[in-house]
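*Asks:* According to full-length UniProt numbering, the residues represented by the first sequence are 1 to 582, in order.
You may find that some hints are simply not true.
[Said to hold, decoys possible] Calculated cross-link-like contacts (lysine to aspartate or glutamate; reagent style EDC-like; alpha-carbon spacing at most 16 Å): (1) K278 - E291; (2) K4 - D46; (3) K4 - D479; (4) K576 - E460; (5) K555 - E542; (6) K32 - D317; (7) K562 - D337; (8) K299 - E249; (9) K4 - D482; (10) K516 - D486; (11) K493 - E457; (12) K576 - E432.
[To be verified] Label-pair restraints from in silico Cβ distances: (13) G366 - K576: 38 to 48 Å; (14) P536 - N3: 54 to 64 Å; (15) R422 - K26: 54 to 64 Å; (16) R248 - G124: 44 to 54 Å; (17) E70 - K576: 47 to 57 Å; (18) Q490 - P419: 15 to 25 Å.
Honestly, the hints are just simulated from the structure, not real lab data.
By construction, the Cβ of each residue, glycine as well, lies at the ideal position given by its N, Cα and C atoms.
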Amino acid sequence: MNNKQVVRILNQLADYLDLAGENSFKVSAYRKAGRAVEASRFVIADHLDRLLELPGVGKGTAGVIEEIVETGQSSQLERLRNELPQGLPDLLSLQGVGPKTIYTLYKELGITSREELLQAAELGRIRGLTGFGAKKEQKILEAVQNFAQRSERVLRVHALQVAKEIERNLTTLSFIQKMSVAGSLRRGRETVKDLDFVIATTHPEEVADQIVQLPFVKEIVNQGSTKVSVVVDVEGIQMSVDFRLVTREQYASALHHFTGSAEHNIRIRQRAKQMGYKVSEYGIFHDDSEEMITFAEEKDFFAHLQLAYVPPELREDRGEMEAAEQNQVPTLFQQGDYMGDLHMHSLYSDGAHSIREMAEAAKERGYEYIAITDHSQSLQVANGLTITELREQWEEIAQVNREVEGITVLRGTEMDILPDGRLDFPDEVLAELDVVIASIHSGMKQDRDTLTRRLVEAMENPYVHIIGHPTGRVLFKRDGYDLDFDHIFQTAKDTGTILECNANGRRLDLNDELLKKAKDEYGLTFTINTDAHSVPDLSRVELGISTARRGWLTKPDVINSKGLDELQEFLKEKRKKNRKNR
DNA sequence: GCCGTTTTCGGCCCGACTGTTTTCAGTCG
1 MNNKQVVRIL NQLADYLDLA GENSFKVSAY RKAGRAVEAS RFVIADHLDR
51 LLELPGVGKG TAGVIEEIVE TGQSSQLERL RNELPQGLPD LLSLQGVGPK
101 TIYTLYKELG ITSREELLQA AELGRIRGLT GFGAKKEQKI LEAVQNFAQR
151 SERVLRVHAL QVAKEIERNL TTLSFIQKMS VAGSLRRGRE TVKDLDFVIA
201 TTHPEEVADQ IVQLPFVKEI VNQGSTKVSV VVDVEGIQMS VDFRLVTREQ
251 YASALHHFTG SAEHNIRIRQ RAKQMGYKVS EYGIFHDDSE EMITFAEEKD
301 FFAHLQLAYV PPELREDRGE MEAAEQNQVP TLFQQGDYMG DLHMHSLYSD
351 GAHSIREMAE AAKERGYEYI AITDHSQSLQ VANGLTITEL REQWEEIAQV
401 NREVEGITVL RGTEMDILPD GRLDFPDEVL AELDVVIASI HSGMKQDRDT
451 LTRRLVEAME NPYVHIIGHP TGRVLFKRDG YDLDFDHIFQ TAKDTGTILE
501 CNANGRRLDL NDELLKKAKD EYGLTFTINT DAHSVPDLSR VELGISTARR
551 GWLTKPDVIN SKGLDELQEF LKEKRKKNRK NR
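Produce the complete structure using the sequences and hints provided.
*Replies:* Structural data, given as structure tokens:
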């Protein structure tokens, strides 16, 4: 039984308890225990003796978890399943419909599915119930109808596109003093469910009226004097968007509050409470007075709670509170630290632009160097290069280096690690390359041991510098390979192999959590690369940087922060050291 | 159910909005 399976059962139990009308603090205790299991560094089933170390896990939930691990289920959950129909928890996913509503509808009308709910709403059977009226019935009807098209999470890259369009429009409105996107987009998350904007204004009603009239607003969900919720459609991407309207004085507190995460905010409020304060989205209050303390900037808000400033990407309750208390928040990697991109494709394999075009675009971005890393011969779907073609490419690289000043193009490859574990080029060819990335593009469904061994053997080759997109996951499409990460990270440490944070918006691989684990537990070094297949792809480096920041990476952790000479020296050293070890 | 610099009970983050009520419950983030 893996941790995810335990989490799923704990969450199901919480859903059922919620529907059964159980004390809401008890319900959230189970959800909190679920989050603790999810965040834990060890496999729960192998360390049942350590359950009580997890925050929010006490005797009660520990007993439930033990039972889940030992029997594969929870007797409490099974009992509730016998008492309440199977379909009820599904109804919790309807917008604006919660446990109390669902339970009442079940008790009074026998409703156990979306179909039955739709029918009851259409027949007007809901409006007569105590506490329900025509409007509530209409809302329920819409929630069921919208279920099929309700907004799923969208990729960060798409959410950024929507946010930019909204920002562009907001700047044309009157009475807006200051504004920022907040929420999970500001925290740099790889996918986003909805957007939050915080706006400072002297005229909230007027701003709200202007917002709901913006051309991309498809639906007004609700509109008050401090909050407007709408659904927008920007070039076919539909998202829910909340706008929070506050005064200039309240702005910094509101920005912090709506940036979240929920877990981070809870920690902030607990701390404030211990210090005799109360925190709301508008400011900080003394327990014993009405006076509200406001802040010019977020850093002043943190300072008032005797905390160092925490960048949005770290606000997940993954150790940032402890770091801020001890003034040990790291200076995270930033855009200006990025000196060059070490993974991109050209016309030689499956890229859309020539080496020269890629070099000129990279120079335009201020880079010192790039590596052209076309695919290798076995990856025929991507027009992988034979050794002969690779040598031809070196001539063109030399020519571009002669003709385009101010940037250096390095000879590279993204070489396949073949299904049997062999590499696609022999050592004598690899020795002539400046940058060797080894990646898996086939045999992705092999078992854990086989896949792990393929990566480990690739890292043990002294000519391999980098493992490209190490887990192979593609967001919304496929999970990463089944891998033994401890074995892989240990090998990367022993061989000095660099692991990639691939900035393709569907990959972001390694992801934030694996980056943090690899850094904290193994002290590894990383590279952030776009894997660009065209000139515009070069700009997605920002997605890789926000992921790296969420993984707590700093400038020295990322080799793309090195200048050209230092980088080349570093790549050569890696080979020297490992040839000796071989 | 969890937890303790208000320690074994009594809180648990906090407020906006909506719809239904006539002072509040439910839902959401």
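*Asks:* If a hint holds in the structure, say so; if it does not, say that too.
*Replies:* Hints versus structure:
no.: 1; hint: K278 - E291; in the structure: 11 Å, holds
no.: 2; hint: K4 - D46; in the structure: 14 Å, holds
no.: 3; hint: K4 - D479; in the structure: 14 Å, holds
no.: 4; hint: K576 - E460; in the structure: 13 Å, holds
no.: 5; hint: K555 - E542; in the structure: 15 Å, holds
no.: 6; hint: K32 - D317; in the structure: 13 Å, holds
no.: 7; hint: K562 - D337; in the structure: 8 Å, holds
no.: 8; hint: K299 - E249; in the structure: 14 Å, holds
no.: 9; hint: K4 - D482; in the structure: 14 Å, holds
no.: 10; hint: K516 - D486; in the structure: 13 Å, holds
no.: 11; hint: K493 - E457; in the structure: 14 Å, holds
no.: 12; hint: K576 - E432; in the structure: 14 Å, holds
no.: 13; hint: G366 - K576: 38 to 48 Å; in the structure: 31 Å, violated
no.: 14; hint: P536 - N3: 54 to 64 Å; in the structure: 39 Å, violated
no.: 15; hint: R422 - K26: 54 to 64 Å; in the structure: 56 Å, holds
no.: 16; hint: R248 - G124: 44 to 54 Å; in the structure: 48 Å, holds
no.: 17; hint: E70 - K576: 47 to 57 Å; in the structure: 52 Å, holds
no.: 18; hint: Q490 - P419: 15 to 25 Å; in the structure: 24 Å, holds
When held up to the earlier numbered hints, the structure conflicts with 13, 14 and fits the remainder.
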